[in-house]
Every structure is written in C-alpha cells, then in structure tokens.
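Starting from the known structure of chain A, fit chain B with the ligands onto it as the hints suggest.
Below, each chain spelled out in residue letters.
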Amino acid sequence: MEKFKIENLDLYYGNFQALKNINLNLEANKITAFIGPSGCGKSTLLKSLNRMNDLVEGCSITGNVLLDGEDIYGDMDVNHLRKRVGMVFQKANPFPMSIYDNIAFGPRTHGVRGKARLNEIVEKSLRDAAIWDEVKDRLKKSALGLSGGQQQRLCIARALAVDPEVILLDEPTSALDPISTSKIEDLLLSLKNNYTIIIVTHNMQQAGRVSDKTAFFLLGEVVEFDDTLKIFNNPSERRTEDYITGRFG
Amino acid sequence: MKQRVLELVFRILFLIAALASILAVILICIFLFANGFPPMAEIGVFDFLFGMDWSPVDVPPSFGIFPMIVGSLYVTAGAIIIGVPIGILTAVFMAKFCPKRLYRPLKPAVELLAGIPSIVYGFFGMVVLVPLVRELFDSKGASILTASILLGIMILPTIIGVSESAIRAVPNSYYEGALALGASHERSVFFVMLPAAKSGIMAGIVLGIGRAIGETMAVMMVAGNQARMPDSILEGVRTLTANIVMEMGYAADLHREALIATAVVLFVFILIINLCFSLLKRRMK
Ligand SMILES: Nc1ncnc2c1ncn2[C@@H]1O[C@H](COP(=O)(O)OP(=O)(O)OP(=O)(O)O)[C@@H](O)[C@H]1O
Ligand SMILES: [Mg+2]
Numbered sequence: 001m002e003k004f005k006i007e008n009l010d011l012y013y014g015n016f017q018a019l020k021n022i023n024l025n026l027e028a029n030k031i032t033a034f035i036g037p038s039g040c041g042k043s044t045l046l047k048s049l050n051r052m053n054d055l056v057e058g059c060s061i062t063g064n065v066l067l068d069g070e071d072i073y074g075d076m077d078v079n080h081l082r083k084r085v086g087m088v089f090q091k092a093n094p095f096p097m098s099i100y101d102n103i104a105f106g107p108r109t110h111g112v113r114g115k116a117r118l119n120e121i122v123e124k125s126l127r128d129a130a131i132w133d134e135v136k137d138r139l140k141k142s143a144l145g146l147s148g149g150q151q152q153r154l155c156i157a158r159a160l161a162v163d164p165e166v167i168l169l170d171e172p173t174s175a176l177d178p179i180s181t182s183k184i185e186d187l188l189l190s191l192k193n194n195y196t197i198i199i200v201t202h203n204m205q206q207a208g209r210v211s212d213k214t215a216f217f218l219l220g221e222v223v224e225f226d227d228t229l230k231i232f233n234n235p236s237e238r239r240t241e242d243y244i245t246g247r248f249g
Numbered sequence: 250m251k252q253r254v255l256e257l258v259f260r261i262l263f264l265i266a267a268l269a270s271i272l273a274v275i276l277i278c279i280f281l282f283a284n285g286f287p288p289m290a291e292i293g294v295f296d297f298l299f300g301m302d303w304s305p306v307d308v309p310p311s312f313g314i315f316p317m318i319v320g321s322l323y324v325t326a327g328a329i330i331i332g333v334p335i336g337i338l339t340a341v342f343m344a345k346f347c348p349k350r351l352y353r354p355l356k357p358a359v360e361l362l363a364g365i366p367s368i369v370y371g372f373f374g375m376v377v378l379v380p381l382v383r384e385l386f387d388s389k390g391a392s393i394l395t396a397s398i399l400l401g402i403m404i405l406p407t408i409i410g411v412s413e414s415a416i417r418a419v420p421n422s423y424y425e426g427a428l429a430l431g432a433s434h435e436r437s438v439f440f441v442m443l444p445a446a447k448s449g450i451m452a453g454i455v456l457g458i459g460r461a462i463g464e465t466m467a468v469m470m471v472a473g474n475q476a477r478m479p480d481s482i483l484e485g486v487r488t489l490t491a492n493i494v495m496e497m498g499y500a501a502d503l504h505r506e507a508l509i510a511t512a513v514v515l516f517v518f519i520l521i522i523n524l525c526f527s528l529l530k531r532r533m534k
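Taken in sequence, the protein lines are chains A and B.
Per my numbering, numbering of the first sequence is gapless, rising by one per residue and ending at 249.
Per my numbering, numbering of the second sequence is gapless, rising by one per residue and ending at 534.
The hints are simulated quantities; they were obtained by calculation from the structure and are not laboratory data.
Remember, predicted model here, so these are calculated numbers, not experimental data.
Please note: incorrect hints may appear among the correct ones.
Here are some, though not all, of the chain A residues that point toward chain B, as calculated from beta-carbon distances under 10 Å [claimed, not checked]:
1. Pro37
2. Asn50
3. Leu81
4. Arg82
5. Gly86
6. Val88
7. Lys91
8. Arg108
9. Pro164
10. Leu168
11. Leu189
Even for Gly, the Cβ is constructed at its ideal location relative to N, Cα and C.
Excised from the complex, chain B in its bound form:
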C-alpha cells in the first residue's frame, strides 16, 4: 500500500518535471509570436524582412532587418566553412588514429572548449583575432571573417563531440570488412566508416549551426556591428542577436517591438534547424 502511494507520488513528480519544460517552450512561443507579429504587421512584413535600412530613431524611422539576416547567415556560413572540416577531421583523428596517450589529454581539452563562457571567447577574439586580421588583411579587423573564425572555434566542441560518437557507433564489422579486402586503415576509415557515420555527423553540423546562429556576446565583440549590407568579408556586420542586445536597453515603443520581432525571425531560424536535426536523427536509425 505504502509502496503504491509512493509510486504514485513519484509518477506525478516526474510528470510535473516533464510538463515544466514543455510549458516553458509553449510560453516562449506564445510570448514571442504574440509580441512579434503585431509590429511586423505594422511595419509591413516585406519591409521588415527585406528592408535594407535600419534607422530606428530617425524621423520617420525605418525598420529593415535584411542586413542583419544576411549578417547572421554570413557569419554562420563562415563558421561552418571553418569549423566543420577541422571538427570532422579532429573527430576522425580522435576516434580512429589517436594513440591512447594523446587521447587522454585531448578529450578533456575539447570538452573544456565547450565549457568556456562566450564572453571569454569574445575577449580572445578582441585581443588576438581582431588585431591579427587587421594586420594580415590591412583592414578594420572587426569583420565577418573575424566573427567566422571565432564562431568556427566555438562550434568545434559540438561538431567534434557528436561526430566522434557517430564514428565510434559505426559497427567494427564494416572496418574489418574493408581491411579484409586489402584496404588500408586510412581508406577503411575515410571511405567506409565516415560515410557510415554521415547522418550522425550531419546532426553534429546542424547543432553547430544552431549554436553559431544563436551566439550573441562573442560575435558582438568582434563583428563590428554596422547595420548595413557588407560588400566583403573584411567588412563588419551586425547579426540578429547583436541587434537585439545592443538596442534593447534603450529602445521604446515600436523600436522595442521591432526588436522582439527580430527575435521571432531568429526563433524561426532555430525551429528550421531543429526540424532538420530531428529529420536527420530519424534517418540515422
């Protein structure tokens, strides 16, 4: 009897815990969409999404976030171009080539990379990357390129972690099968194991994209934050996240609401990315 009651209590407890996270998601959705759609309608959805000019305090004001959408996409794409090859190769190395003696320090080092607060990454970017890019390319320094490099480093642990476990999950029988045909270790790993881990690796990349597009602090510290269309990767950009953080403090009325609408756009991006992630995960099985 007592056992049964206890069981029931725990079940309810678990249910509440599970409901809490669902509730949080639902509340965030309602809050975002309820507050974000009216200003979008007021500004005009097309003018808001594809407007080139963001001058919220001019008279009359202009709320076009297209440069920021492009900015977010550019730095994310840059991060992928830099982070994905390095990340995958590192994962392959750790799973299939790394001697045990080296693995022992390497694994925690990669995990530590994931735990560093983004403000610290931002400082690293400001102090090391910005001057470096300024010197090398004779430019302003704070730019798409700089932000891409920094984000590329920041998504490394995600990509490495997920890819490594995906590669480790590939049955050893594939590897043995390839060796038994006379393939070298390298060929077996790159042409049999890696393709077999493809869905898992893609999932890692998608998670990395999510991380990159949502990153705020570090990007803001190295991207320059000019709210206009960039002509080259050596120019500064402002991302959606930076736009919100930089202006939320003093924005009022429609300006403030337009920032919430910016968050809606960001949220939709994240939704799309998560959808891709779930699809990939389903395909993995």
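With the rest of the complex left out, here is chain A:
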C-alpha cells in the first residue's frame, strides 16, 4: 500500500532547480531512507511532503504529491496536512516550555481539551518515544534542561502526540552520540508498524540498519530507488555503488 505517491515533481528555488522530475512511491508502514551527497535535495524533497517549503520565498513546485491519493498541493488544508505528516528536524528544537507542555502543544492545537485526556496522550507519546522513564518525574521542568539525545526523543514524542500517519525525519541523529543514536533507531523500528517513516541520513550503516527501502539522490534526481538490501548489496546503477562504497561524494 503506498502512502505517498510523488509524480513528476520539479522544484525550483528561484531559478535554481533543486529537484528534477522525481517519481517515487513511498509505502505505508515501511521505513524509507533518503541518502545522497550533501546538497542533492534530500531535505528539499522531505520538506515538500509536509509543505514546509511554503515558508521559503521563491520556492515553486510543479507535479503532484499525493497522500492517500489526494493532492497535498491542491485543496488540502496545510495545517491538517502537517498534522497527518509530522516532522522531526536535524537539530532538536523543543519549545522553551515544560516537557509536558511541549508534548501537549500539538493535541491542544487540534482541539484536545481535558486534563485526563491530555495526561494520557502525554504519557503514551513519551512511552512510545522511549523517554518516559527518564522524564516522568520532571514533566513540569523545562525541556531545555534535557540532554541532546533526550531532546531529540522528546521531539519525536511531540510529533507522535498529534497522532500522525507519516513521520519525516531529517538527519535526526546527526548531532547525537552512538548510544542515543541506537536508542532512536530502535525507536523507529518499533514505530514502523503504526506509522510510515521517511528518514534522511548521511550514515550508510544507519540506512542499512533501519530502512526497508532506500532512495539514492544525486544532483536533484533520484538515481535509484529499491529495497535497501538490493541497494546496498547489488545496486543496478554504477553511481549508487560508487557512493555506497565511498568512492564518491
């Protein structure tokens, strides 16, 4: 079952074409990894999936991005789209408020009222993000007091709290130590049964460990998109092989 269907997508920043004729089907309940050298358009494509590119002045898009068959650049309400397609950023960005309020912000935004209901959501999200035990005694304390790895898991919990269908992660572990990184990788694997996950990473091992599908990007194009095992063991394209074996970029 495909969650996202990207058809003939071109994206321009002003006159610069950052994405060239992208065609991808991203499957539900799978983890898809985007890999490729710096500047090849991974983040750009990721941000087109929840329309964060709308914030960039001079960014224009042609082609279609369909979420469950519905064009996200059509009539869809952008705030509702972003509720369905959550995002975790490269640099953890907890709000300067309590841990509890960080998680509750999303549900409150979407009309959840009532203390009991919010408590429940906060606990469940933090548990799902494997950080509950570390923060349960300090929910009212500022989220900025957490370590980098904890902050990133908090951001994942915050994204889960609005009950999204898709989670986009842009190099979520690039600033973290190996232990925090492996915690987040385990977390992603445990989440994939309930969510569609798309992750950008520069870490080949990470892509190999967590993803089911991998897309290799080069200069704004998708060179190859296939099962991760195939991409890493027996790629069809010479350029993919060069990149993966480190002879490139």
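The following block gives chain B with the ligands in isolation, referenced to the frame of chain A:
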C-alpha cells in the same frame, strides 16, 4: 614602540570615558542622599512618605508626599494598562505579520514617536486629549485618565522597540517546530514565539515604566496637578516629578529641601525598576 605608546594613550582615554559616567552616577547619588535625608529626618520619615497633606507655605507647614507617590503610581499604572497591550500587539504585528511594504514606513514612524520632545506630547495632550476627555466623561479633563493615555502613547516606542527585537531574537526553529505540528501561523506566533520572548518583553515593559514614572513636562500639562488624594481616575493628580518642577522655582529652606527629598523617593523608584530590569536581562540568557 610608537604603536605601544599610542595603544596606551587610547586605553587611558577609554578608561577616562568609562569612569566619567560612573563618576556622574556616584556624584548624583551622593548629592541626592546627602541633601535629601536630613530634611526627611527633620520632617519625620513616616510623616513625609505617608503624610496626606502637602502645604509647604502654611504656618506651620506640612510636607506629606503620599498623594504625589500615589499620583505617580496611578498614572504609571494607567500608562502600562494602555501602552503595554497596544505596544506588544504592535510589536507582534511588526515582527510577524507586517507585509514588507507596510513595514518600511511603520518602523521609522515608531522611531519618530520616540524622538518627539515631551513638551510636544504635552501640547498634544492639552489641545486634543484634555478636551476629548472633558467631552466624553463630562469632567474636568485634566485627570489621571488623560495623563495615563498620554503616557501610554509616550512609552509605546520603548515597548514596541524592545519587544520587537525580543520576538525577532526567538529562534526560527521554534516557529517551524510549531508549524510542523499543524499549528497555524497565528497560533505558532502567540503560543510559542511570544512566550519564548517573554523575558525580553518584560524588560521592555520595565523600561517603559521607568520612562513613565520619570516623565515630567508632558504629565504636568495634562494631569491637573492638585496635591491631594484623587477619588477617581477622572480627577487630577500631581506626580512626584511635577511637584518638584512646579515649586522648585520659588521654594526656600525646608520647602526646597523637601523637594530634593521628593527627588530621592523618585530616585529610589528608578533604582528598583533598574534592578528588575537587570534581573530580567540576566534571566533572558
Ligand atoms: N531555501 C533555499 N533557497 C535556495 N536554495 C536552497 C534552499 N534550500 C536548499 N537550497 C539548495 O537546494 C539544493 C538542495 O538542498 P537540500 O537542503 O535539499 O540538500 P540536502 O540533500 O538536504 O543536503 P544536506 O545533506 O547537506 O542536508 C542545494 O543546492 C541547496 O543549496
Ligand atoms: Mg539536508
């Protein structure tokens, strides 16, 4: 060699410049406290601060400045009630909602507001606000309300300027984080950006309070200046600053000294406000 000497000369120059402002503060403190405390002691600290009656030329005279303390607090509070909401909303608008085409004239207009001399504000108050309040509320016109409105306008540029830069200093990643959760632009600004800028905005408010409580000329022109306790905001009051300016010209002996003591009280208020400001600034980091 020549370089070294030059460097030394400049260093000394900088030091002198820095010392000059410190020296000025110290001298003002010494002057105020040395001249202000003896009359306070002579009148009696309690009678001076909490006395209800200010009749400096009666026999025997009475030097109670409580009505003026209350007057200063009332008009300052009024200015805050009027100026702070307008100021913060304007700052939010300028930082997050204003189209560029509108921002270009708006920003200098606000800055100009800061540069207008207070006597001009006073005239504006006398000619526009006083008759307006007189008409609307069927009262004397020169009143706490009028002074509050005028001061509220006068502190706007301070509050807008400081709040706007505080809001702009909030990292954009907070804004993006909120949007990515499906929050609207408005919700992201008011529930994430604004709370994040809270300390900076508070600092702006405190600066505004300082400006309001120290303002003299404009307030004097619209506040009525009766040295007694007001019963309503439509009555006139006299502020600490107005009290000093109005009587300094002819006061002598203890009367004159009592006015200096009034300045001490004002100075203590300003010290407290500055202390709050520094505390807030420290918390901002
Ligand atoms: N806001 C923008 N305005 C103009 N050009 C941009 C903007 N954002 C990205 N680009 C350009 O688009 C191209 C793709 O950028 P993108 O951020 O998607 O790369 P990336 O694959 O995520 O790289 P990295 O691995 O370094 O994060 C780059 O050439 C970049 O310079
Ligand atoms: Mg990127």
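Hint check results:
1. Pro37: At 24 Å from the nearest chain B Cβ, Pro37/A fails the 10 Å test, so the hint is violated.
2. Asn50: holds, 7 Å
3. Leu81: holds, 8 Å
4. Arg82: holds, 4 Å
5. Gly86: Check passed: Cβ of Gly86/A comes within 7 Å of chain B, closer than 10 Å.
6. Val88: holds, 8 Å
7. Lys91: holds, 7 Å
8. Arg108: Since the shortest Cβ distance to chain B is 8 Å, the answer is holds.
9. Pro164: Nearest chain B Cβ about 9 Å off; hint holds.
10. Leu168: holds, 8 Å
11. Leu189: violated, 23 Å
When the structure is compared with the earlier hints, violations turn up for hints 1, 11 and for no others.
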